[in-house]
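Single-letter residue listing:
Protein chains: 2
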Amino acid sequence: MGAHALTASRELATFDSEHKNRILLAMADQLIADEDSILESNAKDISAAEENGLNAAMIDRLRLDPVRLAGIAGGIRQVADLHDPVGEILEEWTPSNGIKIRKKRTPIGVIGIIYESRPNVTSDAAVLCFKTGNAVILRGGSEAIHSNCAIAQSLQTGGVSEGMPEHAVQLIPFTDRESVKHMAEMDQYLDLIIPRGGTGLIETVVSLARMPVIKHYDGICHVYIDSEADLEMAEAIAINSKVQKPSVCNAMETLLIHQDIADKFAPSIANSLRENNVQLIGCEAFKNLISKTDPDIEVKAATEEDWSTEYLDLILSIKIVESLEDSITHINEYGSQHSDAIVTNSEANAEIFLNEVDSAAVFWNCSTRFSDGEEFGFGAEIGISTDKLHARGPMALKELTSYKYLLLGKGQIR
Amino acid sequence: MGAHALTASRELATFDSEHKNRILLAMADQLIADEDSILESNAKDISAAEENGLNAAMIDRLRLDPVRLAGIAGGIRQVADLHDPVGEILEEWTPSNGIKIRKKRTPIGVIGIIYESRPNVTSDAAVLCFKTGNAVILRGGSEAIHSNCAIAQSLQTGGVSEGMPEHAVQLIPFTDRESVKHMAEMDQYLDLIIPRGGTGLIETVVSLARMPVIKHYDGICHVYIDSEADLEMAEAIAINSKVQKPSVCNAMETLLIHQDIADKFAPSIANSLRENNVQLIGCEAFKNLISKTDPDIEVKAATEEDWSTEYLDLILSIKIVESLEDSITHINEYGSQHSDAIVTNSEANAEIFLNEVDSAAVFWNCSTRFSDGEEFGFGAEIGISTDKLHARGPMALKELTSYKYLLLGKGQIR
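Residue numbers (our numbering), protein chains in the order written: chain A, 11 to 424; chain B, 11 to 424.
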């Protein structure tokens, strides 16, 4: 599969955007044409999941229906509409040797995607890799194996009908750990692996992989309410960052409050959070303060572990800090370098925070929930990288490309 | 050391270019001030090398003298003069949510450099990392351990005198394999490892490392002489690519000749190569041709292995190919995606070659020897990456940086 993918990737690198887009549209059409067989395969996964006693939320994530399938096909058509970054000249200059140098954006080559349950990832990941001229090898989770095989088969059939190299999109039909190990050792064929899933999966891939891995670890995101904050705005941003979608990586997990405004802000935000059914875990100072102002509101005492916990739920840890610098130190120590926000009217304080917080995305006076490829205007997202190399933060099409240097001479020698 | 480096890197990220440059100049001055002690330490390495029976070339690479030390210090001053890319705004835009997004260039954080014998790498690598605001942990080879310790100590002393965080530049005083293993597992502190050395070292680091590794593998570089080539230019480029400095990674290892011009070009280049003491290894067609035209010139028969061998010496494998496409297929199959050239007067042929050869640097009508950070006008070079992620081809200051997104809102929530 690796050797086939490499060959396909070399062919794919010569395709122009218009040809790639025709293939993408054919993939979308084929998914709709194959609705019956895809839903049949999905039914097998659903009944296996029920037999295995998966919970209702997990089964719901697995389930496909005509509307969801149309959504997947619609997503492919959207990707076809996006600008293709491959082929862009990133820089061009002529050093003193007189050779014209062009830095040109290229596909990466062959990308491996290892993911867990949701079958829509099969299509989403495949088409983003394809749009950028990369061959892809997919390895999904066991729960969705029938759905994944059916979707991949459909993408292949549709693509090949418009001239796609057959091995540009491949799915590994095995879901055992051995198949992950094999992929991780195939560095002669795979230029990159992107694991999409929980920490356990990412850790496994990182420890085995010989090729680059782009990691999408936890989001332990903070909102810091500065002494100079507009407290009404602060409350709106804190509530939005926590409760709008608590299960995602860009949701706030820890709220930091400057001590100078704590007396005023803490009771008010505690009330709002409780109204939104958020369970509160606080530092000693916060807990003491609330026990005086609102003894009815329960605040659990925070342990050291709470500061580095990604709850992904309506649970929030809250800490009162002594200064702006304290908030930065806390975030750099306990955060996951994902997405962190300051609320302040002071431009000077904002600048210090933006510069010194070492995270992929740092926000001033807006919700951490904007840490998202769509919200960034990228039109798509393959994940949010917590790495600092190659791609940091929301990853879309550009982040699935590499570059090469073209040197145009007139017979120069050294 | 890792924890200290991380703390130092956070402090360093707040330094402006002017302050970093003052520190660099202080490092250069200190190296000169410490000449006696550095040369004394170097003498220990030299006598150990002599006792251990290292060959003359290796001992020469190890040796420092006042001129070489002044060269190292001069190199630091040159780096101080280079433009600091950190802090640049790479892009700025405002998507429909109204939040202004800035993509800002930042240091990577903490970089590990694992290298072999030459003591000058201690300084070269440290100052490039420092210039870009990164803390560095160096781990050199056993042959140069005394020199490396003395140079690192001198850089530290000089740097600290101008306010450098003490742990911004650290050298591991051990040279056993265990120390490489430790570094490779320190992914909580090290953002990147760059191994500079032979394939064995790189392989070891790749198999152990949990963090990203930027690899500088072999250069199996090709020059392809097209049917439309100016044969005089072709000869000059081929000779230059092979003989100007055969021991380096951007030297040609395989010459490909289009069959249509082989009768004319092959005997002539065979003669020139022989005059330059290059030993010839040829495909059957080349061997047969030369045996007819110049029976005195010895051509060894090429084995399959020759096509993927980096000789790093006055040895060259030569193959006659049937077509432009054949040359591309050969290069993509046997090359190392490093630096490959076409000589042709046909723009159409050049374009196909430049697009389809999947290498970091692809040359048209110039020598592969230009694959070099200095020749690219970068002013420095930490190596030539054979990876496709993060950095490809010659790496200098920009390639030692990452970025972060700053989002400037007015209270936006989702």
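For the record, the hints were derived by calculation from the structure and aren't laboratory data. Treat the hints with caution; some may be incorrect.
Identical copies go unnamed one by one, so any copy, or any two together, can satisfy a pair.
[Unchecked claim] Subject to a maximum C-alpha distance of 25 Å in a straight line, what follows is the list of computed SDA-like cross-link-like pairs (lysine to any residue):
#1 Lys114 / Glu315
#2 Lys302 / Glu357
#3 Lys110 / Phe388
#4 Lys408 / Ser106
#5 Lys114 / Asp197
#6 Lys113 / Asn359
#7 Lys297 / Ile42
#8 Lys110 / Glu361
#9 Lys110 / Ala246
#10 Lys310 / Ser257
#11 Lys274 / Met11
How the hints compare with the structure:
Taking CA atoms no more than 25 Å apart as the test, Lys114 paired with Glu315 passes in neither setting, with 46 Å inside one copy and 32 Å between copies. Within a single copy, Lys302 and Glu357 get their C-alpha atoms no closer than 34 Å, and across copies no closer than 80 Å, so neither meets the 25 Å cut-off. When the C-alpha separation of Lys110 and Phe388 is checked against a cutoff of 25 Å, the pair qualifies only between copies, where the shortest distance is 14 Å, while the shortest distance within a copy is 31 Å. With identical chains, the CA atoms of Lys408 and Ser106 are at most 25 Å apart between copies only, with a shortest distance of 20 Å across copies and 31 Å within one.
In this assembly of identical chains, Lys114 and Asp197 lie within 25 Å of each other by CA distance solely inside one copy; the values are 24 Å within and 32 Å between copies. Proximity of Lys113 and Asn359 under a CA criterion of 25 Å is satisfied inter-copy only: 19 Å between copies versus 38 Å inside one chain copy. Proximity of Lys297 to Ile42 under the C-alpha cut-off of 25 Å is found in neither arrangement, the shortest distances being 55 Å within a copy and 59 Å between copies. Taking the shortest Cα distances, Lys110 and Glu361 sit within 25 Å of each other only across copies (14 Å), while inside one copy they are farther apart (39 Å).
Proximity of Lys110 to Ala246 under the C-alpha cut-off of 25 Å is restricted to the inter-copy arrangement: shortest distance 19 Å between copies versus 53 Å within a copy. Taking the closest pair of Cα atoms, Lys310 and Ser257 come within 25 Å of each other only inside a single copy of the chain (21 Å); across copies the shortest separation is 66 Å, beyond that limit. Taking CA atoms no more than 25 Å apart as the test, Lys274 paired with Met11 passes in neither setting, with 62 Å inside one copy and 43 Å between copies.
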